[in-house]
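> For this one, chain P is given, so just place chain V on it according to the hints.
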Amino acid sequence: MARKLKEVDCVMCGFGMVGAILSRELLKAGVEIVALERGEPRSTVPDFQGPAMHDELRYSVRKALMMDAAKETFTFRNQASETALPIRRLQGFLPGTGVGGSMVHWNGQTYRFPDFELRMRTMASQRYGADFLGPEYTFQDWGVSAGDMEPYYDRFEYLLGVAGKAGNIKGEKVEGGNPFEDPRAREYPTKPMKEPYGSQVFRKAAASLGYHPFPQPSSNMSEPYTNPEGVRLETCMFCGFCERYGCEHYAKSSPQTILLPVILGARGFTLKTGCRVLRVNLDSGGKRAVSVTYADASGEEIEQPAKLVIIGMFALNNVHLALLSRIGTPYDPRTGHGVTGRNYCYQTTAGVNVFYGPDHHVNPFMRSGANGTVIADFVGGNFDHSRAGFLGGAYIGEIMTNGRPIEFHPTPPGTPSWGAEWKRAVVAHYAHTSNLNVSGSSIAVRQNYLDLDPTYRNTWGQPLLRMTFDFPDNDIKLSAFCTAKAVEIGKAMGGQQVTGSPRKKPYTTTVYQSTHNTGGTVMGSDPSVSLVNPWLQVWDVHNVFIIGASNFQQNAAYNPTGTVGALAYRAADALVNRYLKNPGPLVSA
Amino acid sequence: MDKISRRHFLKAASAAAATPAISAAARTRTAEAPPAPHSQAYTFLNPQESSFLVAATERLIPKDELGPGATDAGVTYFIDRQLGGAWGAGERLYRSGPFREGTPSQGYQLPFTPAELFRRAIRAINTEIASRNAAFARMSAQDQDAYLTSLSKEKRDLDGVPSNVFFESLLEVTIEGYFSDPAYGGNRDMAAWEMIGFPGAYAEYYDLVGINQPYRRKPLSLAENGRGRVHLMSMPMSTLPKKAR
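Those sequence lines, one after another, are chains P and V. Residues in the first sequence are numbered consecutively from 1, following our numbering. Residues in the second sequence are numbered consecutively from 1001, following our numbering.
Chain P on its own, in the form it takes in the complex (with noise of 0.2 Å):
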């Protein structure tokens, strides 16, 4: 029998950026709360302070920030006719653990979600008809427009002080962004990352083709920024350890330096680390949330009541927890039907190497987690997909985050992979070779599905959460035709040698290619297809919240953060300016 605890006004399950949000606003608003963290906490100094951050075999390889699979994983199968066996050890995506949530090691890599996106079934069923793809294919409208998006949009970003350019100023083209955005209010709160070489080259390349390059929008810091909350950032100095890493100079944006300094130790709140929560316990209706249960670090299983249950963990975990506390009907992919785990989509991402010759010093070390200079014009709507065969499409970049050698040596294709040949390549191209991201979008197909396992555990006895997921041919296309168009733009580029390796079928979990792992309780406003509101309430128990990249019908082309971060606001306002004066469903189903 769980010990119990007073009854709080809310308990948090998840202390990372969603958390740290929700936290801010409904701690202003005079609301008292418990944090429930499984990791450990973590702040810039010491935790993430130079030189011993600066380790590749510690956090690269050996993954020291990132959950640890020997306590909890996923498993996965390619086909539900599969048998889906245990992620024995992460190597394709990368779940945090610890406050700051995966946003410490993030890249920062911040985009908003255009129209085309948000509104997938109504704007590709307008331009190319209602069976353009097929019944198999289960995209869905979100719930909400771009223009709902924006106002949260911008708090995000100014929280993060994003550094960028503009393109579209309420409607107005700017020169030098993105002139394919949906209208912003205003510009960027910091100015663009300075742009490395090789970031120059293909600026000067794209463009050469007709393109429309723009920088990346970056939450690393292209100058010191001190955000609306008072907390300062500095200048990113281009050391080459971002991804995978906790930033010791305070200049990425992350919970510790955006937010956690003015909530750690206000009154209200309460952090516990070390806690892994392992239910939702719903009334005997289950319409109403009454408690959560966790293990704290002891192991010891201790039952938290609370009125308001906010669920904003790593994507994949909020389906999870969900699945466990029996919230919303369990999809089903044979007949269709029921909402949790369903639409679960990831990243389709591909790459193109640009082998110079020894006078182009590209420098791989010296880069940041965002910075260099993409295009859009593959990205979504933006261009004509009736005559490509597929939806969806791939932003194209030179946005190189670092020249870590253990996992960095490119080498030409038909090099072997080990002896005096592979050596002489590794030394001949590790400074001189540009790679290009070929960052696709994903799509929901009907068979790429989330439930629980029948047969693992995780170290409290409770079934891991089971990935079914392999690419639709949709992203295959998808990937072929972003890929074709990245390696004419390497080759004008200059390379001596340029190669695209597009996506290929199968999915395996054994090379990393993304962490943007997407939907399970993804949001709309058709309570059959979602299982959340578009206010990320859920449909069927009014004191849930579950935010997170979980929420997204189907992925973008861009980067996931800059959209949990404005679907964390948005509901914020909706909790803190509707439903705490008045509790209850926000939308009647």
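Some hints could be false.
What the hints assert, rightly or not - Below are the SDA-like pairs computed for lysine to any residue, each with C-alpha atoms no more than 20 Å apart in a straight line:
{"no.": "1", "chain 1": "V", "residue 1": "K1063", "chain 2": "P", "residue 2": "W422"}
{"no.": "2", "chain 1": "P", "residue 1": "K63", "chain 2": "V", "residue 2": "K1155"}
{"no.": "3", "chain 1": "P", "residue 1": "K63", "chain 2": "V", "residue 2": "G1090"}
{"no.": "4", "chain 1": "V", "residue 1": "K1155", "chain 2": "P", "residue 2": "T510"}
{"no.": "5", "chain 1": "P", "residue 1": "K71", "chain 2": "V", "residue 2": "A1086"}
Simulated from the structure, these hints should not be mistaken for lab results.
Showing chain V alone in chain P's frame:
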């Protein structure tokens, strides 16, 4: 503008702190400096295992005019410490059964920790070669390469470990030892970093970004803290809003 950027502040701070004894120029290794003693010993590998690994890793990364081979870089000492430590014991590895053979997409599904995997596979390899009255370390380079290639291309059973799985693990850990920080026992004298031009644990390149020129500064290891740039303050007060101070 009364704001002083962090970069300028740090430049000033490091200039003020620079004395001849710790300046980068004075710390640069000179021809007269005695070589650092390598106080290394195997604490996990037995002589049969280390003998195989010394010879095999040297074929994976051979010594040549460009730079050291795996042996001179200390890669086998790196492997010894990794296998004998937390990683070798299965750190961050999900180890609950049932164990089943999976598809290639499903990744590693064997019950062995890295230490168990290496120990079993090398014992099987040494037994296999001994049955031909030979030893891997005494084979010609050509025969060694042919043997390693057969491990990589086949899935033959090495006491429960498919040979291709062992080969991939060996190649991975060899590259890790060659390119990781010397504090872990490999990449001796940072020679592998110097060979490719990776500067190691430095913390800033801001001024050099955007310029097409070679980078020639000597690399920096975690072990050389004194040459690195470290924070002078435990928590810059400027990052805290007034109400939180």
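> Each hint: holds or not?
Here's how the hints hold up against the structure:
1. V:K1063 x P:W422: holds (12 Å)
2. P:K63 x V:K1155: violated (29 Å)
3. P:K63 x V:G1090: Satisfied, since the Cα-Cα distance of roughly 13 Å is no more than 20 Å.
4. V:K1155 x P:T510: With a Cα-Cα distance of about 18 Å, the restraint between K1155 of chain V and T510 of chain P holds, given a limit of 20 Å.
5. P:K71 x V:A1086: Given pair K71 of chain P, A1086 of chain V holds - Cα atoms ~15 Å apart, limit 20 Å.
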